[in-house]
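Here is what each chain is made of, one letter per residue.
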Amino acid sequence: MRILLFPSVLIVLVASLLSAHAFEIEQHKIFPARYEGATLRIISNSDIDIFAPMVEAFQRRYPSVSVDYTVVSSTELMKALYDEKQVFDVAISSAMDLQVKLANDGFTRPHSSSVAELMPDWARWRDHVFAFTQEPASVVYSKSAFAGLEVPTSRQDLIATLRNHPERFQNKVGTYDIRESGLGFLFATEDARTSDTFWRLNEVMGTLNAKLYCCSADMISGITSGELVLAYNVLGSYASARAANDPDIGILHLEDFTTLMLRSAIIPVGAEHPEVAGTFIDELITAYWSKEGADYYPYPKLDRSDVAPNLSQRAIRLGPGLLVYQDNLKRQNFLREWQNAIIQR
Amino acid sequence: MNEVANISGSIRRRLTLQLLGIAAVLAALLFVMVMAYAKQVAEESQDNILSASATAILDSAAIQSGEVTVDIPYSALSMLGNVSDDRVFYRVVADGDYLTGYESLPETTPPRGQENRQFLTSHYLGESIRMVSATRRLSNAAGPVEVTVSVAQTLKRQRETLERISTNAAYIGFGFFIAAALLAVLAAQSAVRPVQALANSVSRRGPQDLRAVQAPVPGEMAPLVDALNRFMARLKKSLSRSEEFIAEAAHRIRTPLAVLRTQAEIALRRVERPENRAALKEMIRAIDESSRAAGQLLDHAMVSFRTDHLEVREINLLELAEETLERQRPLAEMQDKTLSLQGEVPPPIRGDVILIQNALSNILDNAIKYAPEGEDIDVTVACEDSWVVLKVCDQGPGFAPEDIEKLTERFSRGKNAQDTVGSGLGLTIAEEVAQAHGGHLKLSNRKNTRGACVSFYFPQS
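Just so you know, the sequences run in chain order A and R. Numbers given in my numbering equal positions in the first sequence, counted from 1, plus 40. Numbers given in my numbering equal positions in the second sequence, counted from 1, plus 978.
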């Protein structure tokens, strides 16, 4: 198994090396300003549709700022900034470990935010990384396909349910392909660090021939299309948005623990308009952390009293601990173990 | 006597300044030491946590399938994030070959001997860093492998801590200086206090008081006080010697003068030519003057001597005045002047009879001399507050107002007495006697009529 896999990893590596001179852009849009002024170049792994209200609200307050919005995956974002040193004013990413690595390795500028006191200390790091969301990693399932089964409340329950009903779940379980998705990798490492059940769950998913996805949106689409019955570690914020339109989508916040990802913004060191970038980041901070909030804030706000009476939600901590799984050896070991568990044929 | 001392500097100011200087130096020293200590503590605590982190990584190193691998524990780096916001770098090297981490971190020299930790302050990615390297030997099939783990952290937190401590240390140093300054001023004051006490006790003394200083003084001042005492003893000796000399001289002059006067009077009876008689009369007058001056000088010497050794007993001043007046009466009657005494028996005073009689005689002598012929001299004894006052009034020309202040000085004579025989010692003697008894002498002119008054004020016993 390992011998078979190794070349495939190599191929991925070589492919990424070949394309190193140009990162892969998924979407691109320019929000022109009403008046002549600076252009704020944003690189982000948030879809344009989701983020647009935020940008438009910003432009209403600062009508002379044009916004150039580029959507890439979190790994491509890292490549653009870390390897290619592309010029952007703001980088927004859900991959906290990559954001921290950029800040730690000197690829960001400090920003002394005037609204920093709104946010808790753990939501920023070194005046370089500023979080402006809290998004849970959830289990998403199809209510119709789950009919007759008790909905699990913990990972133990989930493992038992999957094990006891292989006929229902065979080929119908999905999760992140953590080799491709930075966010999936982050969630997986946090799970592994928190509890051993993560490995057992992966074993079980492996036996059920789990499907691997690049992104949360695809997994949710899988649920709606009937391709999947259950998806593990789906970004809860996306799921709730889709669940609003599809009553069949069920969202589970497991009670043993639920990992919270903090989407964060940084100012790359090569920013051409760092002051405008700082203003934009302050706007993001105010929209999420201020008591009154903002109606244009695009992500669902986490209401702790609503979801988790048992305080099982664990926000991933910004800080040098996140560098650990970015270590080459550590990452290779982790991916190898993960593949051994989940890819069983 | 009134010359201002030649002042060069001040002991108190010099002492204060020196103590302030010492306090400033000590405060600066305190600041430097606190900072050095704080820096050491801050560095040690950072070194400790970096060591712990490096050790944790090193412990995860193992040989797998013949290759060195490390499985960095999450806590190894997150522990660094718990204490500060500093950037973190690490590197793992096996036998000099880069394994993982930040390859371009500064090189470490391989450790020697037992010590398997190395500390290094350097620069990386444009910031100062502190780096700790730890080494461990693993056994491979091919032989031992030396694995070195380096963990580094930027110094932002340490710098901030030191800045905070430096502010506090500056406040502490300043406070220390202020406290020391206050104490220095107090210390300087207390150091010069004995000097001031000595100066006060010497300047409070009466003009005749030449006794040795007996009050206890600090050892350092003993030579000064000894010198002062010796000086005063010499002065006293020299004064008494000159008084003795004057008394001796006066005494020796008086007897020949008496002989001379007798001879002159005999001669006066014999000569008949008016110009010769006038010359002889002038001669007798000069002899009288000399004789009286000699007498007063003797009196003064006696007074000076006795004021140092008063023979004190209770005195009825009225009786004493009566006796003295009796003795002066023949002289007064010769000049057709009447001496009268008034007053009731006063409370007794304590004093030296001979001195007071002598003083009163001198005043009466003056009065008899200055009063016009046929006029009266009144002596009264009365009580005034706690004083017993003996007052002698004549009907002479009175004192010139501008003289009153200085008439009691030795050899000083009033402006309006140029043509009368006198030495100017009478009032001096009287005042010295009054002062020796704790009293004073008051000069005044009579109100509403001609004449001068001299009043002795003696305290009641």
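Since the hints were derived computationally from the structure, they do not count as laboratory data. As the structure is a prediction and not an experimental result, all values here were calculated from the model. Just to be clear, a hint being listed does not mean it is correct.
With a straight-line cut-off of 30 Å between C-alpha atoms, the simulated BS3-like cross-links for lysine-lysine are [to be verified]:
no.	chain 1	residue 1	chain 2	residue 2
1	A	K331	A	K341
2	A	K341	A	K69
3	A	K125	R	K1425
4	A	K141	R	K1347
5	A	K251	A	K183
6	R	K1425	R	K1347
Rough simulated footprint, nothing fancy, chain R against chain A, three-plus residues with beta-carbon under 8 Å [unchecked claim]:
no.	stretch
7	96-104
8	237-249
Chain A side only, calculated, beta carbon under 10 Å to chain R, not exhaustive [unchecked claim]:
no.	residue
9	D145
10	W165
11	R219
12	S280
13	A284
14	N285
15	W329
16	D367
Note that beta-carbon positions come from the ideal geometry of N, C-alpha and C, so glycine has one too.
Hint check:
1. At most 30 Å may separate the alpha-carbon atoms for a hinted pair to count; K331 (chain A) and K341 (chain A) meet this at roughly 12 Å.
2. For the suggested pair K341 (chain A) and K69 (chain A), the alpha carbons sit about 26 Å apart, so the restraint of at most 30 Å is met.
3. At most 30 Å may separate the alpha-carbon atoms for a hinted pair to count; K125 (chain A) and K1425 (chain R) exceed this at roughly 118 Å.
4. Distance hint between K141 (chain A) and K1347 (chain R) is unfulfilled; the C-alpha atoms sit about 123 Å from each other, more than 30 Å.
5. Using a Cα cut-off of 30 Å, the hinted pair K251 (chain A) and K183 (chain A) holds, with the two alpha carbons roughly 19 Å apart.
6. The suggested pairing of K1425 (chain R) with K1347 (chain R) holds, with an alpha-carbon distance near 21 Å, which does not exceed 30 Å.
7. With a cut-off of 8 Å between beta carbons, the stretch 96-104 of chain A has 0 residues touching chain R; three or more are needed, and the interface restraint is violated.
8. Remark: the stretch 237-249 of chain A is not confirmed as covered by chain R, as 0 of its residues place a Cβ nearer than 8 Å to a Cβ of that chain, below the required three.
9. For the restraint placing D145 (chain A) at the interface with chain R, the shortest Cβ-Cβ distance is roughly 7 Å, inside the 10 Å limit, so the hint holds.
10. At a threshold of 10 Å, the smallest CB-CB gap from W165 (chain A) to chain R is about 7 Å, leaving the interface hint in force.
11. The interface hint given for R219 (chain A) is broken, as the beta carbon of that residue sits about 19 Å from the closest beta carbon of chain R, more than 10 Å.
12. Annotation: interface hint on S280 (chain A) violated; nearest CB of chain R at approximately 30 Å, more than 10 Å.
13. For the restraint placing A284 (chain A) at the interface with chain R, the shortest Cβ-Cβ distance is roughly 36 Å, beyond the 10 Å limit, so the hint is violated.
14. Interface hint status for N285 (chain A): violated, as the beta-carbon distance to the closest one in chain R is roughly 39 Å, over 10 Å.
15. The beta carbon of W329 (chain A) comes no nearer than 19 Å to any beta carbon in chain R, farther than 10 Å, and the hint placing it at the interface is violated.
16. Proximity of D367 (chain A) to chain R holds as hinted, the smallest CB-CB distance being about 5 Å (cut-off 10 Å).
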